[in-house]
Each structure stands twice: as structure tokens, then as C-alpha cells.
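Trainee: Chain by chain, the residues:
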Amino acid sequence: MEFLKAGALTILFLGQFAGAQSDERYFAPLTTSYAAPKGMKFCDSAKEFKLAFKMLRKDPDLSLNDPQAIQTALKIAEGCDGASRRFGRVYLLLKKSGVAQAQAVNTAMTFAPQSDARVDGFMELFKKIFLANYLNLDFANAYRLSLDLSRDYQGDPKKLRKDFVSIVDFCLSNKGLALDFKNCSELTMNLTRHTDLYENGVFPEFRKVYDYLRFNKRTGLNIKEALLVLPRVMAKGEKAPANFMEMMRYLLEKGPFQGSQTDALKLSLWVADLSMRPDPEAARAAMAQ
Amino acid sequence: MQPWRNRIISFVVAFASLGALAAETKKSPQRLVELQWGEAENAAQYVVEVRHFQGQLLKTFTSKKPLLKFKAPIGDYEIRAKVEGIDGRVGEFSEWNRITVLPRAVAFKDKPTQKVVDADSNKLTGHFKISWPPEETAKKYHLKVYALDDSVVLDVMVDSPNWEFDLPPGEYHYTITTVSGDFISDEIPANQTLIVGKAQLAQPEMLSHGMDADKIRPSLNWKAIQGVDYKMKLAYHPYLAEEFESIPPQGEIKDGRWSAPLLLPPGLYRWTLWAEAKGWRPSPPVIEEFEIKPTEPILSSVDKELDPQLKDDE
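Residue numbers (numbering that gives the first Met the number 0), protein chains in the order written: chain V, 0 to 288; chain B, 0 to 313.
Same shape as in the complex, but just chain B:
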């Protein structure tokens, strides 16, 4: 028989399955811990001590077999054991072995699913409301949402097993980690993909359009959305001409406003305004026409301008 003094007992620690634990831990968030170790010859029984990590002794168990199951709350512990032989001799305790009882990870459904939403064309994002099976051993849940390139787009700690958030167009997956104080479970990927459909931007919402107070300059005002570029085309149609012709852009678009430069020639104009943003289809255009009339002083200057040209000086 080998002396037990120097016997090193190595533990195999396991945690019971969810099914078993659920029945036992309805009232308190504890996990079932299974310990196994190598059998010693002629062992009558084994004595196992459990204490808080580097703290006070919590419990002493005895077991006739090299196997022990007990319930423990989430936390850090140390265990050691000794052998009591059938001849009455008692070995020494092993070294303290640290074990950590972690919160249980969330158990997602096996079947993969997809959640698809259309992006709101004003906010440019899709809205999600997700939930997952609650976990008794969790005090909080750590939600992380990843884009396809594995970059993290959302990283939050929430109290309840659900959360609402907005995402830009694209495809995403997410994980949940249960947290209990300083102890966290494995990060478990949800079996669900989140998809925000690429939609068309909304048509710009016009606030006003017409002539400025000076009645000479037309201007446009629309509700500008952050992150969206606004483009404009201008076309000119002299009276009695057959059709509109594009002309170079005039004036500046800024902060949802466009004002024509002074002294646009008289005639009909058509402006076309639309929104563009990366990842979105351009919005339907807003098309309107306006007219610039000549002023009386300009028309009254005709004779003054013409008569010098009509001198027959040859």
C-alpha cells in the first residue's frame, strides 16, 4: 500500500446539466458541482473540505466513493481532500485546489432564425427588440452585437433578458454572456441573425419653396437629415423653347436650404432635389418648377440700349 501522506489528489470538476440543476435551484441561483478524483486503494472514505477562496471553511463532506456532488452559489472556492483507510489510518489533506462556480450561460434554441426589418428612411436604421431565455444564475446579461466583419457595433450590460436597439443597414449576429458580480459565463452566440434591409431613402420633406421676400431669388427649404447628402439638378427653359435644358448648378446647398444666385435670366426653371446616402438607394426626387420674370426697369431700358446701335454712321 502506498502511503496516503504524499498522495496528490487531483480533482475533476464538473457542473451538472441544466435539466438537473433547474429542478434543484428554483429558489436560489446555485449550481450543482460534481467532483471526481482518482480512487485510492483500501480507502474507507474520503473527506472533502470546501472553503471560500482563501477564506473560511464552508463545509466538510464525506464520501465513500471518489465522487461528490454538492450545490454552490456562484463564486470562487477551494477544495481539498484526504483519505481514511479501512485500517483506520488517515492520510493528509491535499493542497487546496481552486474552483470557480460560474453563472450558467444562456441556452438558446437550437433552430437558427432570422429577424429582418426594413430601415426607417428618416432615421436610416432598423429597430430591433430581442429577448433570450432568462438565466437564474445571472444578475446581468452582457449583450454584444457583431457586424459581418466581426466588428462590435453594440456592447451593453442589461438587467433583463431583453433589449431594444437600432442598427444601420446590414447583417449582424449577437452573443449573450451571463454575469454574476465578477463572474461571467462563456460568451454564447445566439442562433439568430439580425438583418436590416437596404431601403430607399425617403423623398426630401419640403418645408418651403418659392420666391424670397425680394421676389427676385427663388429658394428651397427642406428637412435635412444628418448623414444624408442632398443633390440637385437645375434645368432652364426659355419661353417658347421646346424643352428644358440642363444648366450648371447654381448657388449652394447647405443645411437643408438652397437659394438661387441673383440675376438668373428670366424664364422657366425646373429644380430636381433628391437624397443620397451610402448603402441606401437614392430617394425619389422632388421636382418643381419656378418662374423668374423680368423687371420693369430691365424692359424699359430697351430703347435706350437700342437707339445708339441704330445710328447710320457709315
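For reference, chain V alone in the conformation it holds in the complex:
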């Protein structure tokens, strides 16, 4: 009986062993890599829910009862890790800016599932566009632009934020362009449309061309003249500024327009326009997909 038992056990064991080579349950490798399915991620949902719930119940202006706070916290937690903080930052910023409670909560909720970079972008851009000591736009425009350039931006929000802040600061500064709010606003919007055409954003290249046009002994344009030229150059992407300046140097120093700044400018701009052209092969490849 005991033999049988042992045998049975052996058979059971052997049977298990025999099948084990093809049974991953029993012979799973010691080091396992696991991942969420494609397009998904793992979240500390309990942590996010607790943080969100605590934050909502603690806010004296929200006046949410428990069921409401639970519902809202659940919604926030859907944003996965960091969602509570993202929600909280946007909510507090809007509340301190004088936005109505309900609207502040609703907008903040839309940021909960976004990236931290987009929230950083919104916070920074909103301040730069809305506050009286920066671009000082009216709330409606400031709000819409900030959302367009952060939460709803299709490109790299981090790069855009850096570009935006750099351009605004340079434009308003007495050591920079020292322009008024209206002109700085227009210039910033014009330039940041092209941020994604540059690896490091539009501002560094903008600054190079600006300094060349303003301070080079062969150019020496005033601010107004320089700003008439720059948007056209910057619109043509990464290589346009270099192409433009190379043409200008060539034409003014060695080329056919030595001393004739106006003609050199015109031709340099035309050549800079050619810095970004259609790519037939890429178009074909995109169509094939």
C-alpha cells in the first residue's frame, strides 16, 4: 500500500516532471520580464485614488460630499501614476487665477491623464501669457492659447515650453527687444508655430539670425527691419537660418551684390525659402502605409 502510494506519488511526480519541460507553470525561468500589453501601462491606482480623495475632501472651496469626492477621485485616478499631482497643480493654478470652481475642476481633470511635461507646459505658458508683468493677454485668450500649446499640442510640449518662455523673456526684456505686450505676443505666436521644425526649438536659431542682422558690420538692421525678415527665415526649418546667413555673407562679401544690402537680403530670403522642400520618396512611403 505504501509502495503503491509511493509509486503513485512517483508517477505523479514523474508525470509532472515529464510534462514539466513543456509546462511553464512548473519550470518558469528564474528571471521573468513582464509588461503591460501594448498601449497599456501599470498604475498605482490605490495611491492615486487616496491622494485624490484626500485632496478633494480637504479643499474648503469644493464642498464635495463623500460620494461626489469618490466619483471625482476615481476619475482622477484613471490618469494613472502622478494623476493626482497633475490634477492638483492645474486645479490650484486656475483657482488662484480666479477661475470658477467647477470649470477649474473640469479643466484640471483633463490634465490628469496627460504627461507631467504637458502640465509643466500649461503652468508656465499660462503665467507667461496671462500675468500683467508678461504678455498680459485677456483671460479668454490666455486660457485658450495655454491649452492649445500644452495639453492639445501635437508636438513636443517640453520643447515648446522652453521656446515660448525664452522668446517671451527675450522680447520683453530691456536687454532684448524691449517690445510691448502686443508685439511680443504676436512675435511669440509666430515663432512658436515652427518650434517642431528645429531640434532644439526655434529660439536658439532665431537668436543667431537676429544677432547677425542687428550687429554684424555688413548688416546693422534696426529691430523693426530685423523682425520683418526673421519670421520668413524661421518658417523654413532647421537649415534655413544657416542657409540664409551663409548666403548673406557670400553675397555681401564676395558675391554679386557686394555693398547692396537690399538685393542681398532678397536673394538670401529666396534661397532660405528653399531650405524646406517636398520629399517625393517620403510621400510615396507614407501613401504605401
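Any given hint could turn out to be false.
Stated by the list, open to error - Derived DSBU-like pairs: lysine-lysine, alpha-carbon spacing no greater than 35 Å straight-line:
#1 Lys95(V) / Lys230(B)
#2 Lys174(V) / Lys303(B)
#3 Lys181(V) / Lys303(B)
#4 Lys57(V) / Lys81(B)
#5 Lys64(B) / Lys81(B)
What the hints assert, rightly or not - Examples of chain V residues lying across from chain B (beta carbon under 8 Å, computed):
#6 Met54
#7 Lys57
#8 Arg88
#9 Lys95
#10 Gly97
#11 Ala99
#12 Gln102
#13 Phe129
#14 Ala131
#15 Phe138
#16 Asn140
#17 Lys265
As the list claims (entries may be wrong) - Counterexamples of contact, computed for chain B against chain V with all Cβ distances above 12 Å:
#18 Gly37
#19 Leu56
#20 Ser130
#21 Lys253
#22 Ser300
#23 Asp306
Think of the hints as simulated: they come from the structure by calculation, not from any bench. Just so it is clear, the structure is predicted and the values come from calculations on it, not from any experiment. Every residue gets a Cβ at the ideal spot worked out from N, C-alpha and C, and that includes glycine.
Based on the hints, put chain B in the right spot on chain V.
Mentor: For chain B alone, coordinates are given in the frame of chain V:
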């Protein structure tokens, strides 16, 4: 025949009508005096003496009838008379009787009229320019204006038969008394009513509005009119909210100035300012909006305020 010695002659004094006097007194302000007394039997004539009141004899008249007319300037007089009989006997003079010749009262037109003006909404009064028929016997005119409750609102002595003045809203009547030295006529009511229409107060005249030098506090400045109260309403509109909501009054209105208290929450505000005064319709309001933006330090404190709340300490 009764003895005339003790006859007491009582006089009936009358003054001639304006029509009669006007013809006679073109050049000097005198009035026509009529005296009548009781007829004495067998009287041949009557002798009448006129003197200044307790003063010197001015004139002696004789009259065959118990009636005498004479011109006299404005003033106080005394008269006495005696009878001379047909048989030559002469009675004694009566006691001196005092008579006062007063300035003639102003003669207003018979037809009642109304003079209506609108009150000036800045001065809160209506302006009148009135005149009345001149009176030769007057050296001055005493004008009194009465409100409906008979209280005197204006009391002036003027040289000419006209005057200009301002009155608050309401209905009034006035009287004129002619004055000559110490002598005054009867107080005659004019046949004219003065009406100052109740108008609407003018909209407050704004002198300035905007942010104070510190760029934090909005303030308003307007031209304040004495006697007028200024009222204000404030409404608040958080950004993205649907509409303005009234909020309790903030700050103080004083001397045509209002300044918001510090630390009004950011957002849009609408102030409504209007004037009120008793007896007037409130003025049209002045309505304007202003915006208070947050400051950078406040917005930059968000993370510092939030992060302690986000510690998962459970």
C-alpha cells in the same frame, strides 16, 4: 342848533383808485387822499388842517361840503377840522386824527399763471426770473416766496421790480409788498405759481477710474455734488463662470471716491454707481468693469502649497 364846540368830527379816509392817481402822480410819488365827514347843520364851510404827525402844519383847506381831496406824499399825518356856520359863528377844531398815507400795493394781472422750470440736475434747483408791475410810490419791494406749507423759502428786499433766484423742486407762490421808508403797503399775493419740476439726477461725472499706482487696487473718482448720496453695487464674475453675481459692498464711498479693499480675489468685477437725493429720481447708473489679475508670487506658490498635501501617509 347844536353847538359846534363839542362836535366831534370823525373822518372817513380813503385813497383814490390807481387810475385816478396815475394821471396825477406821474412826476412825484404822491397819493390822492379823500376825506369825508358827517355834515353839520347850517355849516357854511369846513376848515381842515393837515400837519406832519406831531409836527408842523402843512396846509389848511376849506371845503363847502364834508368832503376833501388832496395829494400827499407817503407818510404819517394828522388832520383836524372845524365848522364855520352860515351865521358867522366858528366852532372849535376837533382833536387831531392820525392818518397814514401808505405806498400803493403792486397791481398784479388778474389772470392766474404758472411758471414751470426743470431743476438743474447738477445744482438740484430750478432758476426763476420774475418781474411785477412797477409802483411809483415804492422805493423798494419786499419779495417773499412761500412753499405749499406756507413756510417762507425766500425773503428779500429789492430795489427793482424784478428778481432772480433758485428754488429746490416743489410748488411755490410769492407776494410783493411795496416799501417807502418806514411805510409799507399791504402784502399782495402774485397771481402766479412757481413750479420746479422733479427731474432725474444727472449721471455721476467720472473723473477717473482704473487701477491705483500699486496696480492691485481699483479705484473710482467722480465729481460729488453736495446734498447727493452716492450708491454702489459690486458684482463678481470668476473666469469661465456664466454670469456676474452680486457680492457685498466692499470698501467705502467718501467724497466722490471709492477704493477697493486689498486682496480682492482675481476675476472680473462690475461696479454700478448712481446718485440719489430726496425728491429726485435716481440718476442713470454708470457701469464699468475692471479686472484683477493674480500676481506671479501667488501662482508660483502652487507647488509649494500642493506637495505637502500629496504625501501618502496612510
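Trainee: Output the numbers, in ascending order, of every earlier hint that fails for this structure.
Mentor: Numbers 4, 16, 17, 22 and 23, in rising order.
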